[in-house]
Amino acid sequence: MGCVTPLTQMTAEPLLSLQDLTVRFRLPQGETVAVDGVSLDLAPGEVLGIVGESGSGKSQILYALMGLLASNGRAGGRALFQGQDLLALTEAQLDRVRGQDISMIFQDPMTSLNPYTRVVDQLAEGLIVHKGLSRADARAEGVRMLDRVRIPDAARRARLYPHEFSGGMRQRVMIAMALLARPKLLLADEPTTALDVTIQAQVLDLMAELGRETGTAIVLVTHDLGVVARLCDRVAVLYGGRVMEEAKAEALFDTPSHPYTRGLLAAMPRLESPLTPRLGTIPGTPRSGGGDLPGCPFAARCTERLDHCTTTRPVLQSTAPDRRSACHLIEAAT
Amino acid sequence: MTLLESRNLGVGYRIPGTGLFSAARMLPIVHDLSLTLDPGRTLGVVGESGCGKSTLGRALLRLIVPSDGQVLWQGEDMATIPDLRRRRAEMQIIFQDPVAALDPRMTLAKIVSRPLATFEPNLSRKDARARAVQALEQVGLSADFADRFPHELSGGQAQRVGIARAIVGRPKLIICDEPVSALDVSIQAQVINLLMELQEKMGLALVFISHNLAVVRHISHDVMVMCLGRVVEQAPRSEFYARPLHPYSQALMDAVPEPDPRREKGRVGTALAGELPSVLNPPPGCVFASRCPKATDLCRQTRPELRTVAPGRQAACHFIEA
Ligand SMILES: Nc1ncnc2c1ncn2[C@@H]1O[C@H](COP(=O)(O)OP(=O)(O)OP(=O)(O)O)[C@@H](O)[C@H]1O
Ligand SMILES: Nc1ncnc2c1ncn2[C@@H]1O[C@H](COP(=O)(O)OP(=O)(O)OP(=O)(O)O)[C@@H](O)[C@H]1O
Ligand code: SF4
Ligand SMILES: [Mg+2]
Ligand SMILES: [Mg+2]
Numbered sequence: 000m001g002c003v004t005p006l007t008q009m010t011a012e013p014l015l016s017l018q019d020l021t022v023r024f025r026l027p028q029g030e031t032v033a034v035d036g037v038s039l040d041l042a043p044g045e046v047l048g049i050v051g052e053s054g055s056g057k058s059q060i061l062y063a064l065m066g067l068l069a070s071n072g073r074a075g076g077r078a079l080f081q082g083q084d085l086l087a088l089t090e091a092q093l094d095r096v097r098g099q100d101i102s103m104i105f106q107d108p109m110t111s112l113n114p115y116t117r118v119v120d121q122l123a124e125g126l127i128v129h130k131g132l133s134r135a136d137a138r139a140e141g142v143r144m145l146d147r148v149r150i151p152d153a154a155r156r157a158r159l160y161p162h163e164f165s166g167g168m169r170q171r172v173m174i175a176m177a178l179l180a181r182p183k184l185l186l187a188d189e190p191t192t193a194l195d196v197t198i199q200a201q202v203l204d205l206m207a208e209l210g211r212e213t214g215t216a217i218v219l220v221t222h223d224l225g226v227v228a229r230l231c232d233r234v235a236v237l238y239g240g241r242v243m244e245e246a247k248a249e250a251l252f253d254t255p256s257h258p259y260t261r262g263l264l265a266a267m268p269r270l271e272s273p274l275t276p277r278l279g280t281i282p283g284t285p286r287s288g289g290g291d292l293p294g295c296p297f298a299a300r301c302t303e304r305l306d307h308c309t310t311t312r313p314v315l316q317s318t319a320p321d322r323r324s325a326c327h328l329i330e331a332a333t
Numbered sequence: 000m001t002l003l004e005s006r007n008l009g010v011g012y013r014i015p016g017t018g019l020f021s022a023a024r025m026l027p028i029v030h031d032l033s034l035t036l037d038p039g040r041t042l043g044v045v046g047e048s049g050c051g052k053s054t055l056g057r058a059l060l061r062l063i064v065p066s067d068g069q070v071l072w073q074g075e076d077m078a079t080i081p082d083l084r085r086r087r088a089e090m091q092i093i094f095q096d097p098v099a100a101l102d103p104r105m106t107l108a109k110i111v112s113r114p115l116a117t118f119e120p121n122l123s124r125k126d127a128r129a130r131a132v133q134a135l136e137q138v139g140l141s142a143d144f145a146d147r148f149p150h151e152l153s154g155g156q157a158q159r160v161g162i163a164r165a166i167v168g169r170p171k172l173i174i175c176d177e178p179v180s181a182l183d184v185s186i187q188a189q190v191i192n193l194l195m196e197l198q199e200k201m202g203l204a205l206v207f208i209s210h211n212l213a214v215v216r217h218i219s220h221d222v223m224v225m226c227l228g229r230v231v232e233q234a235p236r237s238e239f240y241a242r243p244l245h246p247y248s249q250a251l252m253d254a255v256p257e258p259d260p261r262r263e264k265g266r267v268g269t270a271l272a273g274e275l276p277s278v279l280n281p282p283p284g285c286v287f288a289s290r291c292p293k294a295t296d297l298c299r300q301t302r303p304e305l306r307t308v309a310p311g312r313q314a315a316c317h318f319i320e321a
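First to last, the sequence lines map onto chains A and B. The C-terminal position of the first sequence is numbered 333 in numbering that gives the first Met the number 0, with every residue numbered one higher than the one before it. The C-terminal position of the second sequence is numbered 321 in numbering that gives the first Met the number 0, with every residue numbered one higher than the one before it.
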């Protein structure tokens, strides 16, 4: 499955390197920090999963890379793509990168597809503009890709408008559009939430296959830990805008080192787990953005909290080869 | 008394004709669908992407006018309920596309307190806001979200606003269309627990549409499986999960990805090769025949009727022996 490029073999130059990335929003109530100093590397062809609580900054990381933050938002730090800082590009330069090298599958397909344009023409547009295909060829390519993402009767369906598609079909249109561009980097934000598990499996396989064919690296944001297991080489766990833990997929599931990761895995409902009157959760309420925090963002909900967790920020540090974790417990143990 | 019932429900969309002079025609989506739902119960609905779950959900509330059959609300035909607009406050829906479902110009407090205007028209503004804030807190959004606008939210936060809006007026029924698809497992659990609590306390009934089979197992009393607009299996929850009978249900169970990279990456070939059937060109026989490992010529030619195959269990397949 996924393209295996172990951390240890990573070439000197990663495809993407986030260095202390921050995203802040201005609101009448004050400033909120959505992404709080995230540093991550991605090798060519690698699949990196990003998981984390709702509101922890996953989508905003991707928006920042694409230069698509809301007008009240501001990105800081650096996001080097092939050595070039995406945050420093002009709008025209960004347009070129977005059309040719980086594609994004948005979390919310209905608001990112054009309601007034037939699906086939939305698929064809990028190919005409960026790859110089004729309209007829571009449309044919578009239909072929719709077929590959398992849209039934693709040729006829392609002539319809997005509102005539079901939720999961729109999602597959977004996926088809992103894959058509054969990008170097694919940013996929919850791409399969509206697909039933049989079609989801096929679409994930297709993403992996095209990844292998074209050497596309993927950043996959998802809440589904099963999807992570299926597709990702490496996983970063986010909480409160910060990376809590980062590891190879196998290692993360075998020996989750951060209390939040352990909480997530324990809370995941499974087909064979015994039925209880209530599902297990992580106690407490998530932090709702807000200003800078001195300690660990997870401290208020952490059952293993130490005294200085609320006052001192744990640093993300290497705990083993290929592994990083930000937790005072781990610092205490080493 | 049964709260909600559909009898041989058919739903379709009007689509433009294909040629220049051909008239608009009805594209049938949901066929001959009968279900009953009692207060305090949850019907889980799973099925293929595009099979008509959202269409069914909207038709059950008459947000789409059915083309066939009836929907009864507390025994009354919805088509003839005089003051349906007001009565509808008792039946809420959580839409599948959370961001598109929220009015971009309204603050969350306004969006969430809106249903109260029909439910409890005498509530003061201040009390309505307090109720909205309380509902937001129940779905894990602290009070400081009340004055935000929808575009200032993450995907999962927007989804939770839809849930808060649905529960604020204490309705009798909520149609939940993929209500937790954008939530992390912890908040998902919190929301599921909340719905189950409201159900126990107030007899809330739920139609719970979801692709997450583990969540459906947890919350549902009964499960219905759909394929191309038809019910292919219907069963009490425990029986269904112990032994799904229809080949499509079995394929679904097999395809659930597990949080185990070695197992998942080792999977060879994917479930269910074969063409997907299309509503534009429906197959004459079984809706699952093109992908079913057990299919024969009989399956490709003759549609299996939904029939009782065990006490309380129905399935539509030629080859089920109970
Ligand atoms: N325009 C905005 N103004 C203010 N805050 C914002 C804005 N957009 C997003 N936020 C906040 O930024 C934080 C991070 O948002 P983001 O969309 O990245 O979350 P996420 O991790 O993708 O969550 P989900 O899993 O729910 O989609 C959230 O708390 C959100 O409320
Ligand atoms: N407004 C519309 N006009 C024409 N066809 C439509 C319209 N809305 C939906 N459809 C079609 O009806 C069928 C069922 O759509 P529906 O949204 O009910 O599916 P669903 O089961 O909810 O799928 P998903 O799991 O992907 O959300 C699909 O084939 C879709 O293309
Ligand atoms: S009727 Fe035939 S094709 Fe349909 S599910 Fe049963 S065995 Fe498979
Ligand atoms: Mg998001
Ligand atoms: Mg739907």
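Read the hints as simulated data drawn from the structure, not as lab findings. Glycine included, each C-beta is placed from N, C-alpha and C at the ideal position. Some hints here could point you the wrong way.
To be verified - In silico lysine-lysine, DSBU-like type, Cα no more than 35 Å apart, as pairs: (1) A/Lys183 with A/Lys247; (2) A/Lys183 with B/Lys264; (3) B/Lys200 with A/Lys247; (4) B/Lys293 with B/Lys264; (5) B/Lys171 with B/Lys264; (6) B/Lys125 with B/Lys171; (7) B/Lys200 with B/Lys125; (8) A/Lys130 with B/Lys171; (9) B/Lys200 with B/Lys171.
What the hints assert, rightly or not - Some chain A residues well away from chain B (every beta-carbon gap over 10 Å; in silico): (10) Gly36; (11) Gln81; (12) Gln83; (13) Gln99; (14) Met109; (15) Arg156; (16) Arg211; (17) Ala319; (18) Asp321; (19) Glu330.
Results of checking the hints against the structure:
1. A/Lys183 with A/Lys247: Distance ~21 Å between A/Lys183 and A/Lys247 Cα, so the pair holds.
2. A/Lys183 with B/Lys264: holds, 23 Å
3. B/Lys200 with A/Lys247: violated, 44 Å
4. B/Lys293 with B/Lys264: Given that 35 Å is the threshold and the Cα spacing comes to 26 Å, the pair holds.
5. B/Lys171 with B/Lys264: Violated, at about 44 Å.
6. B/Lys125 with B/Lys171: Within the cut-off at roughly 25 Å; holds.
7. B/Lys200 with B/Lys125: It holds: about 26 Å lies between the C-alpha atoms, which stays within 35 Å.
8. A/Lys130 with B/Lys171: Distance of about 54 Å is beyond 35 Å: violated.
9. B/Lys200 with B/Lys171: Holds, because 11 Å separates the two Cα atoms, which is no more than 35 Å.
10. Gly36: holds, 19 Å
11. Gln81: Answer for A/Gln81: holds, closest chain B Cβ roughly 28 Å.
12. Gln83: Non-interface label on A/Gln83 holds, nearest chain B Cβ at 28 Å vs cutoff 10 Å.
13. Gln99: holds, 27 Å
14. Met109: violated, 4 Å
15. Arg156: violated, 7 Å
16. Arg211: holds, 13 Å
17. Ala319: It holds; A/Ala319 is separated from chain B by about 17 Å at its closest Cβ, greater than 10 Å.
18. Asp321: Consistent with the label, A/Asp321 stays out of reach of chain B, its closest Cβ about 14 Å off (over 10 Å).
19. Glu330: Non-interface label on A/Glu330 holds, nearest chain B Cβ at 25 Å vs cutoff 10 Å.
In summary, the structure is inconsistent with hints 3, 5, 8, 14 and 15 from the numbered list given earlier, while agreeing with the others.
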